[in-house]
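Use these hints to put chain D onto chain V, whose structure you have.
So the sequence lines, in the order shown, correspond to chains V and D. Position one of the first sequence corresponds to residue 56 (this note's numbering), numbered consecutively onward. Position one of the second sequence corresponds to residue -9 (this note's numbering), numbered consecutively onward.
Everything labelled a hint here was simulated from the structure, so no lab data went into it. A quick note: this is a predicted structure, and the numbers were derived from the prediction, not measured. There's no promise every hint is true.
Said to hold, decoys possible - Part of the chain V face toward chain D, derived, beta carbon under 7 Å: (1) PRO281; (2) LYS282; (3) TYR291; (4) ILE295; (5) ALA523; (6) GLN524.
Where is the CB? At the ideal position from N, CA and C, for every residue including glycine.
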Amino acid sequence: MEPEKFYYDNKIVRNFGIATVIWGIAGMTIGLLIAIQLYAPGANMHNQYTTFGRIRPLHTNAVIFAFVGNAIFMGVYYSLQRLLKARMFSDTLSKIHFWGWQLIIVSALITLPLGITTSHEYAELEWPIDIAITIVWVVFGINMFGTIIKRRERHLYVAIWFYIATFVTIAVLHIVNSVEIPVTFWKSYMVFAGVQDALVQWWYGHNAVAFFLTTPYLGMMYYFLPKMANRPIYSYKLSILHFWALIFIYIWAGPHHLLYSTLPGWAQSLGVAFSIMLIAPSWGGMINGLLTLRGAWDKVRDDVVLKFMVVGLTAYGMATFEGPMLSLKQINGVAHFTDWIIAHVHVGALGWNGFLTFAILYWLIPRIYNTQLYSKKLASFHFWIGTLGILFYVIPLYWAGFTQGLMLKEFTPEGQLKYSFLETVLRIVPMWVTRSLGGSMYLLGVVIMAYNLTRTALQGKLVANEPAQAMALEPVSSVKRENSWHRRLERRPIQLMIAALLVILIGSFVELMPTLTIASNIPTIASVKPYTPLELQGRDLYIREGCLGCHSQTIRPFRSETERYGEYSKAGEFVYDHPFLWGSERKGPDLARVGGKYPNAWHFNHLMDPRLMSPGSIMPDYDWLITQDLDTTTTIAKINAMRKIGVPYPTGYEHKANNDLDIQAKAIAADLGENHIKVSSRKEIIAITAYLQRLGVDIKASKTAGK
Amino acid sequence: MFDQFVKNVSGEQMYLIFSLWIFLVFFVVVSILLFITKKQHTDRMSDLPLEDGTTNSIQNLQL
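Bound-form chain V, shown alone (with noise of 0.2 Å):
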């Protein structure tokens, strides 16, 4: 029988491989702007739409979504292809994957600066943009499977399984987590609420990073590993027992990121174990990786790509023995809310997913250019000054996390409290300048790759359709029957997605399904009630914001923190919180019991220039919220949303929501005239006041009422 001839399609890959640097720039580009703004709030230019809040989760989208996202797509369609001994399925719809999710990336940059945002973190795109990041991910979930239907390779290697888990999985957490009501066509409410909420978002923001983050880069790096070393992987069967392990393990970890909250002990404590688990089968990955290059460490010293790949794996075994140890209860009380999780953040993606995708870039461009890569040394200054920053980020961002976790926690000898938040900012201020030179130093790296690439792409030409020619697949019939289960499973590649499915719903059922259907594992409090809707509006301003960016609102059981910010959180009080805004970061004190504690003048002042109540201040000034009139047009639409999700508004109160929203904002108005504010009760810093003063009132007038 003679060989089948066809050809690869390298130009979607070329295209893939264009949008990595160039959203990967623009994301990194945001990230140090937010970097500066920390020490430096007037970076925000003075404007509204490059303010820290809202383009905190650009910086986060971009990365993730666009740099990260279209590193996987390139990296995916072109080992997918020769994999399978084939191309892909549809070039239609590969140019339909890539133009479509190119315009999200697009969306999210239009959208998150002008505050249209779900809040959720990793997940804050708003429906009409979830609905199309749907469509994407089916189109090309149909173009790799129609693809792997039309293989001449029986087998798939196991990097398809980890490409195969990676569809299934994120299909799976992007519904279960975009589950939200809409309200108008840019604005929804997150149908869970409170602790049922923050167990959704954290099941989908820790596997997020495991299923976008990780498993489609070990796929890549079983498949591009052993093609740059030119030598098979050190253990297949250790890359078996690394799939499923790594897969069954890390669906189970996400409640490790609301440790000491008021999720239940039992989900908590559930979370650790299986993150602590979770070093095994990531370490083995690691191992398997490094062990590859066996006998060719010489060659180590000569490639930059491999230079990469070494570092990057480096990378993912320092992150991933860091994050279980992070999830400890111990270390995570004092590193949780700091930059101590910056810090391993960003070893996870500047080393292991940005230095793999520059090895795969360097690696791959020249071949489908057919040349040679335009100049070593600059790929080789790129390499050192890309492994500096990632010092110069990281090492700073570790420090600033102990030494502000640390004296948060202080206490006087006569038991007070002894620094106050604002003093354990000032201190990290020269950590977080230091930062900002090493992401400086990553992202000149990056501007270097993309000109050494552009040199590389102008010297060669593209060989759009790379020729290439196999066997056709014998008949099924014909084909001897395996005794191995794995072996047929290995061939079969719907079983395998439904065996990869079913893996990660026993976790995900297990771990969600009590919190989210057993009443009592969430107490309600019956002084907590719905806010007015002033507040309920003030709430949606302070999402549009991005206030969680910065402010947490739940106080841990500590005594550092009930000393600090009053009585710690329970769950009865988040019932009405659609989305709960606990937040994940601490770069002002936290807000749960802020009510009542300043009064109006102050927080109209404070938001208009922070410094004046707060001498040393890093937060940004809100001024627009002065000028900007509130839109009470969207009040009953809200008020009915909200009821459909479970608030008690009485039937019919939407049509006199905005009349009781006039009289509280003219109370706010009135008590700021007082104070010799004159300010209009129409304005969107009268809501976001109502608001804040709300923060944990309910609480205090159930203690009132008690006594």
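Same frame as chain V, but now just chain D:
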């Protein structure tokens, strides 16, 4: 039924132990499958990335 099950077990201990047992059983099954997998097959599988069917010499270039 699920509600009743959860009320009758002793809370967090049962959840943890149940979850760890699920994993242990799963892990042992996968390990046994790996143990009985033939080396010939794993060698063939691990060579797949190196045999991509291209005739383009550039695929083998070194930087």
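Exercise for review: May I ask you to test the interface hint for TYR291(V) with respect to chain D, counting a Cβ-Cβ separation under 7 Å as satisfied?
Suggested key: Status holds, d = 4 Å.
Point to revise | Interface hint compliance - LYS282(V) to chain D, C-beta minimum distance less than 7 Å | key: 6 Å, holds
**Study point:** Restraint outcome when ALA523(V) is required to lie within 7 Å of chain D by C-beta distance
**Key:** Given a least distance of 4 Å, the restraint on ALA523(V) holds.
Review point. Going by Cβ atoms only, is ILE295(V) closer than 7 Å to chain D?
Key: 6 Å, holds
Practice item. May I ask you to test the interface hint for GLN524(V) with respect to chain D, counting a Cβ-Cβ separation under 7 Å as satisfied? Key: Interface hint status for GLN524(V): holds (6 Å vs cutoff 7 Å).
Point to revise | Interface hint status, PRO281(V) versus chain D (Cβ within 7 Å) | key: Nearest chain D Cβ about 5 Å off; hint holds.
In the structure shown, no violation is registered for any of the earlier numbered hints.
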